[in-house]
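Engineer: Got chain L; can you put chain H on it based on the hints?
Taken in sequence, the protein lines are chains L and H.
The opening position of the first sequence corresponds to residue 1 in my numbering, with each subsequent residue numbered one higher.
The opening position of the second sequence corresponds to residue 1 in my numbering, with each subsequent residue numbered one higher.
Since the hints were made in silico from the structure, they are not lab data.
The reader is advised that the hints may include incorrect statements.
Which copy? The list can't say, so a pair holds if one copy fits it or any two copies do.
BS3-like mimics (lysine-lysine), calculated; alpha carbons at most 27 Å apart, straight line [what the hints assert, rightly or not]:
#1 242 to 42
#2 237 to 173
#3 266 to 176
#4 42 to 152
#5 110 to 205
#6 29 to 152
#7 29 to 126
#8 173 to 260
#9 266 to 126
#10 29 to 114
#11 242 to 260
#12 29 to 266
Protein chains: 2
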Amino acid sequence: MEVLKIIKIGGNIIDDDIALDTFLSEFAKLKGPKVLVHGGGKLATKLANQMTIEVKMTNGRRITDADTLDIITMVYAGKISKTIVARLQANSCNAIGFSGADGNSIVSIKRPVKDVDFGFVGDVEKVHTNTLDILLKNDVTPVFCAITHDEKGQLLNTNADTIASELAIGFAKDYKTELYYCFEKNGVLKDINDDASVIESINAKTYQTLIDDGVIADGMLPKLNNCVHAVNNKVEKVCIGKPDMLFNLSTPLEETENIKFTTISK
Amino acid sequence: MEVLKIIKIGGNIIDDDIALDTFLSEFAKLKGPKVLVHGGGKLATKLANQMTIEVKMTNGRRITDADTLDIITMVYAGKISKTIVARLQANSCNAIGFSGADGNSIVSIKRPVKDVDFGFVGDVEKVHTNTLDILLKNDVTPVFCAITHDEKGQLLNTNADTIASELAIGFAKDYKTELYYCFEKNGVLKDINDDASVIESINAKTYQTLIDDGVIADGMLPKLNNCVHAVNNKVEKVCIGKPDMLFNLSTPLEETENIKFTTISK
Numbered sequence: 001m002e003v004l005k006i007i008k009i010g011g012n013i014i015d016d017d018i019a020l021d022t023f024l025s026e027f028a029k030l031k032g033p034k035v036l037v038h039g040g041g042k043l044a045t046k047l048a049n050q051m052t053i054e055v056k057m058t059n060g061r062r063i064t065d066a067d068t069l070d071i072i073t074m075v076y077a078g079k080i081s082k083t084i085v086a087r088l089q090a091n092s093c094n095a096i097g098f099s100g101a102d103g104n105s106i107v108s109i110k111r112p113v114k115d116v117d118f119g120f121v122g123d124v125e126k127v128h129t130n131t132l133d134i135l136l137k138n139d140v141t142p143v144f145c146a147i148t149h150d151e152k153g154q155l156l157n158t159n160a161d162t163i164a165s166e167l168a169i170g171f172a173k174d175y176k177t178e179l180y181y182c183f184e185k186n187g188v189l190k191d192i193n194d195d196a197s198v199i200e201s202i203n204a205k206t207y208q209t210l211i212d213d214g215v216i217a218d219g220m221l222p223k224l225n226n227c228v229h230a231v232n233n234k235v236e237k238v239c240i241g242k243p244d245m246l247f248n249l250s251t252p253l254e255e256t257e258n259i260k261f262t263t264i265s266k
Numbered sequence: 001m002e003v004l005k006i007i008k009i010g011g012n013i014i015d016d017d018i019a020l021d022t023f024l025s026e027f028a029k030l031k032g033p034k035v036l037v038h039g040g041g042k043l044a045t046k047l048a049n050q051m052t053i054e055v056k057m058t059n060g061r062r063i064t065d066a067d068t069l070d071i072i073t074m075v076y077a078g079k080i081s082k083t084i085v086a087r088l089q090a091n092s093c094n095a096i097g098f099s100g101a102d103g104n105s106i107v108s109i110k111r112p113v114k115d116v117d118f119g120f121v122g123d124v125e126k127v128h129t130n131t132l133d134i135l136l137k138n139d140v141t142p143v144f145c146a147i148t149h150d151e152k153g154q155l156l157n158t159n160a161d162t163i164a165s166e167l168a169i170g171f172a173k174d175y176k177t178e179l180y181y182c183f184e185k186n187g188v189l190k191d192i193n194d195d196a197s198v199i200e201s202i203n204a205k206t207y208q209t210l211i212d213d214g215v216i217a218d219g220m221l222p223k224l225n226n227c228v229h230a231v232n233n234k235v236e237k238v239c240i241g242k243p244d245m246l247f248n249l250s251t252p253l254e255e256t257e258n259i260k261f262t263t264i265s266k
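Next up, chain L with everything else stripped away, as it sits in the complex (with noise of 0.2 Å):
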């Protein structure tokens, strides 16, 4: 089988023009069939800022309502979605930018209500490849927003990084899937004050002692959670770093040897 990378960048080069830049153009240039998906970064509370559209909480959580919704699909399947799509073009990469209806590709349904409504989020169910496939097998290139639907009419609002690892999971079964988690810190970090602390291997064992241990814990906890459950369902491996980790995988070793990132398995 064929190796299918699957690559999620956040708000830390989403952000940065120049990061953005850069990353595009080093992901332009990798070989193989891949899949950009992109989390939303600050443009969206700005622009609720400006149409002063406040942000609604409910127990510290932050709600998607309807107008956020639109803010939400506007700043993420709008202006993020074309201008990487724009500049992949002029890196030669030929790319599509996909949010979860388009092509049918993610079908979610809105959370339901328990102790909390919060709101139009979508849950994922189902991953449909098989329009996605003639697109990868064509040298096309998906770049995902983190917007899926209900097959009803209904746009969600889904987090970027559980895209990531459900589209992997989806085109496990065609590929050998690899899926790259880019963030700001070289891994998981044993010591979060130290980016030279990095846990440069888990597995399922390991995983559940770092739990206990309280190494992992707050917004790294359903990363990781994401990436065990990627790897629980035959996604080859799972890698956390920065962007670095995937862009220095061919050149000579001991230029990569201070190249640290966390790779997960099963």
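Structural biologist: For chain H alone, kept in the frame of chain L given last:
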């Protein structure tokens, strides 16, 4: 050669939620390969007002500055495109939202500055149908917004009527291409105040007479120029009228007698 329908809708449908729903459910049922092109409607102006961005005009012509381009990208490629795609999926029509940057499908050049600097406005230079054609052959319906790119990373604002005609011309080498402009009138009218005074057929010769006689003037002139440009470049036929012209073509003759529209041919 197979027939391909390129259908353009404008603000009168996009701004009216019920009209849009009705249109999309009928559009979804249309047999054979098809492409939808949508204009912008009033939402972009509304958003600009909410963000207190002023509409810039020079010599009575609208200017697309960087802020306006951002708004257009958010509204056209984000909100409107994804709303249409999600609703088509709900009607079992497998759609994907496109700008000209996606799949490198429509390349334009920034309009040169002569008397007026129009800003980020693109004049279409090339249409690449290869990726689109692969999708059409797999029952996917491309949905185009009125944004193109220059292959150097710059998005550009392009007239939706022009996008529809250039796509129709681009596809004419592979399909018998039919171009449909849906708008609020029954077609080209002899008397602008009489919706029954439809000129049912126009060709290159009668076209010039209609201009000379002042029947085709103002806003109809650029629209009709797009039509004539299309039929002069291998597009099979162009029709202008209300969406009914499209959806009742297969009903018995007695029921369609009241539906009038204008057909432009060579």
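Engineer: So, for every hint listed, does it hold in this structure?
Structural biologist: Checked hints:
Taking the shortest Cα distances, residue 242 and residue 42 sit within 27 Å of each other inside one copy (19 Å), while across copies they are farther apart (42 Å). Within a single copy, residue 237 and residue 173 get their C-alpha atoms as close as 14 Å, which meets the 27 Å cut-off; across copies the closest is 45 Å, which misses it. When the C-alpha separation of residue 266 and residue 176 is checked against a cutoff of 27 Å, the pair qualifies only within one copy, where the shortest distance is 14 Å, while the shortest distance between copies is 54 Å. Taking the shortest Cα distances, residue 42 and residue 152 sit within 27 Å of each other only across copies (25 Å), while inside one copy they are farther apart (29 Å).
For a Cα distance limit of 27 Å, the shortest separation of residue 110 from residue 205 qualifies neither inside one copy, at 33 Å, nor across copies, at 57 Å. In this assembly of identical chains, the alpha carbons of residue 29 and residue 152 lie at most 27 Å apart only when taken from different copies (16 Å versus 38 Å within one copy). Taking identical chains as interchangeable, the C-alpha atoms of residue 29 and residue 126 lie at most 27 Å apart only when they sit on different chains, with a minimum of 25 Å there against 30 Å within one chain. In this assembly of identical chains, the alpha carbons of residue 173 and residue 260 never lie at most 27 Å apart, being 29 Å within a copy and 52 Å across copies at closest.
In this assembly of identical chains, the alpha carbons of residue 266 and residue 126 lie at most 27 Å apart only when taken from the same copy (23 Å versus 48 Å across copies). For a Cα distance limit of 27 Å, the shortest separation of residue 29 from residue 114 qualifies neither inside one copy, at 46 Å, nor across copies, at 38 Å. For a Cα distance limit of 27 Å, the shortest separation of residue 242 from residue 260 inside one copy, 9 Å, qualifies, whereas the shortest one across copies, 61 Å, does not. In this assembly of identical chains, the alpha carbons of residue 29 and residue 266 never lie at most 27 Å apart, being 29 Å within a copy and 46 Å across copies at closest.
The structure shown violates the earlier hints numbered 5, 8, 10, 12.
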